[in-house]
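K.L.:
Letter by letter, the chains look like this.
There are 2 protein chains.
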Amino acid sequence: MKKKVLKFGGTSVGSIERIMHAAEIVKKEHSLGNQIIVVVSAMSGKTNELISLSDSISKKFNKRELDVLLSSGEQVTSSLMAGALTSAGVKSKSWMSWQIPIFTSGEHANARIENINVKNINAYLSEGGVAVIPGFQGVSKSGDINTIGRGGSDATAVAIAKIFNTDSCEIYTDVDGVYSTDPNKIPVAKKIDKISYEEMLELSSLGAKVMQSSAVQTAMIHDIPIQVRSTFTARQGTEISNQGNIDYTKIVTGVAYSKDDAKITLIGVLDKPGIAADIFEPLGKNQINIDMVIQTISPDGKTTDITFTIKRNDFKKTLDTLNSNKKIKFKNLNHNDKVSKISVVGAGMVTTPGVTFKMFRALADENINILAISTSEIKISVIINENDTLKAVKKLHTIFDLD
Amino acid sequence: MKKKVLKFGGTSVGSIERIMHAAEIVKKEHSLGNQIIVVVSAMSGKTNELISLSDSISKKFNKRELDVLLSSGEQVTSSLMAGALTSAGVKSKSWMSWQIPIFTSGEHANARIENINVKNINAYLSEGGVAVIPGFQGVSKSGDINTIGRGGSDATAVAIAKIFNTDSCEIYTDVDGVYSTDPNKIPVAKKIDKISYEEMLELSSLGAKVMQSSAVQTAMIHDIPIQVRSTFTARQGTEISNQGNIDYTKIVTGVAYSKDDAKITLIGVLDKPGIAADIFEPLGKNQINIDMVIQTISPDGKTTDITFTIKRNDFKKTLDTLNSNKKIKFKNLNHNDKVSKISVVGAGMVTTPGVTFKMFRALADENINILAISTSEIKISVIINENDTLKAVKKLHTIFDLD
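Chains A and B, in that order, are what the protein sequence lines are.
Reminder that position 381 of the first sequence reads as 1814 in the numbering used here, one-by-one numbering, no gaps.
Reminder that position 272 of the second sequence reads as 1705 in the numbering used here, one-by-one numbering, no gaps.
I should point out that these hints are in silico values taken from the structure, not numbers from a laboratory.
Be aware that one or more of the hints could be misleading.
Intra- or inter-copy, both count: the list cannot distinguish identical chains.
[What the hints assert, rightly or not] Result set (DSS-like, lysine-lysine): computed pairs, CA atoms no more than 30 angstroms apart in a straight line:
| # | residue 1 | residue 2 |
| --- | --- | --- |
| 1 | LYS1493 | LYS1524 |
| 2 | LYS1492 | LYS1461 |
| 3 | LYS1479 | LYS1493 |
| 4 | LYS1524 | LYS1479 |
Keep in mind the model is a prediction, meaning the values are calculated, not measured.
Make the full structure from the sequences, and use the hints.
P.N.:
Written as structure tokens, this is what we have:
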């Protein structure tokens, strides 16, 4: 007998048929003698629908009330799932976060799970019941409803795995698992059987939407292995776990890419202490997210060139903010709003020299111009022209033996 | 300064525009210095939508989970209303039933409000805040979500008026008030300015859908005056209150009718103690609602004729149940599945003789055949052929001076 958390994402509970299908998966796991806690997201599209209702009232809709509003989405799915399980002959009950309670702290729309009362649910599990819990929410000590950010049902699942000390945490989603690159665009992409938390974090932040990053971080801190698998196929999924559990036969685990990027270079910025802060502080205040930042020294030694990337839809706002910034002086501003970022990620890189060189050589062989480079211990990212994106991903996927 | 409950029904909060309009009504009442508790229904159509989701899983969907599911409808409206008020500059907060709490007892889908904790909400009202509360629900002592039956938001409003001892209870709806008969069918129908609880109950049970009957009953028991008024016009509505407050210049207050009825007569039933129970018990077990029951003695004195009416869509089931009932014997079974019930209602009847005669004469003058009669202190109902419905209502409306 094992104690398990099974989490079903929005598309996995996106219709009555899918909820009933997910209930069958739960029923099967339960019939094997396991103790099961189910965590559900809102039906796909529901959260956006509720946000658009509040937006129609005001773009600055009260945050406390927005949390009350949004939390209803998972409430609906929880009751439907518990009802579907009951109808399928499985003893089951939904538990709203205030009924458990799941205690959260922090501000509305961005709270953290602090603690979960395990007593009543554990008693129910011992009686053979399946507990169904809405993801994405909790209650504050003062009794308000809080939500924990988009994709927060993953964080709920990991928190439950941690606090209930379950044997596994299984994330059911609409993909088979984590892939070496986007399988929709690169048909030779391969499903990864095992991946480390760190690699998963790099891939998530680079656009692989399999799991919410902060949930992966929590799992990493508490060493909770996660299984990502498809609700719709019986295929083995991807296990996300500690690096030590993984046998690295390949240097690179995956190739990720993000499009809709833009690159800006300030040439000949007068170099002085605090210049980076002077450039980036006004951008942050305007809600512009900076991705890569690269600084080089100009030949004259007194000025510096600063390159950074942003999302394309922030492009105009960024140029306006830079041009109206009285605190900074620069000779020239280069920009390119049609770039993409390609990253190779792999825990095996740390111990393998020459990956960087191999990557640059491969791109050169394809006549792909590298516009900027940024590296971390387990990742190398380059900015290239957007037109070259797929060509670059395919080439890197091949030369790092991922096909 | 007055303390008021304002309740908005489903059509009054049926869209974002309508919620914002209702919020303006609340804002105006609040700006006059009143303490306001708002009770909201689910957006119109929402409850049916949720029920159809549960029905798709199972027609016997778990009742506990159905309550969790349905209660989300009013949760959504409460948060949108509180958010709309905040956006309109009114201090406001939603309170889910477990946050107050509103304690209920009884079974799922059909619970009763037992008690409401007034402390925190009263403190909030004193600080000038508007409390927004979802109708139709509460929590049991064991912490489960309960709902209190269709139309239950009226019952919530009346319970709040009672327990918070408010100065008024105002039901905002999509009609101007209570009418002397259906204004959509009989254009001369008049809005009633004041009506007694008893008359309202008779009219409600006869199809006037202005307010839920059990809410009117509770208001009657605790002598809580209710104002019914339109969310969409500024017209004065109808006050429902104690008979003593009403000056009866008219004998009859209103003429109600229900269609889709069917009449069944068992002729020559062997009369013995318990025969009525033997007939009606199996019908009740089959979820068939019996409306009027009339029993007469046959000429031979040993048998009796029993006539009763039911809803037309129970007609076939009723015949089947009667024909397979081994406990009863009868000579013949008459039936007519195209009848309607016309009722004249008026507290003034009690002290005015001759109303019955006047009614029967008027129908005879129109060549309308009376198939069955049933009377109470403040009501006379007759069953007639459905084709005669509007002709009968118009005639009675005229002769009782309601035009």
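K.L.:
Work down the list of hints and note, for each, if the structure agrees.
P.N.:
Now for the hints, and whether the structure bears them out:
Taking the shortest Cα distances, LYS1493 and LYS1524 sit within 30 angstroms of each other only across copies (15 angstroms), while inside one copy they are farther apart (43 angstroms). Proximity of LYS1492 to LYS1461 under the C-alpha cut-off of 30 angstroms is restricted to the inter-copy arrangement: shortest distance 23 angstroms between copies versus 44 angstroms within a copy. Proximity of LYS1479 to LYS1493 under the C-alpha cut-off of 30 angstroms is found in both arrangements, the shortest distances being 20 angstroms within a copy and 25 angstroms between copies. In this homomeric assembly, LYS1524 and LYS1479 come within 30 angstroms of each other (Cα to Cα) both inside a single copy, at 27 angstroms, and across copies, at 28 angstroms.
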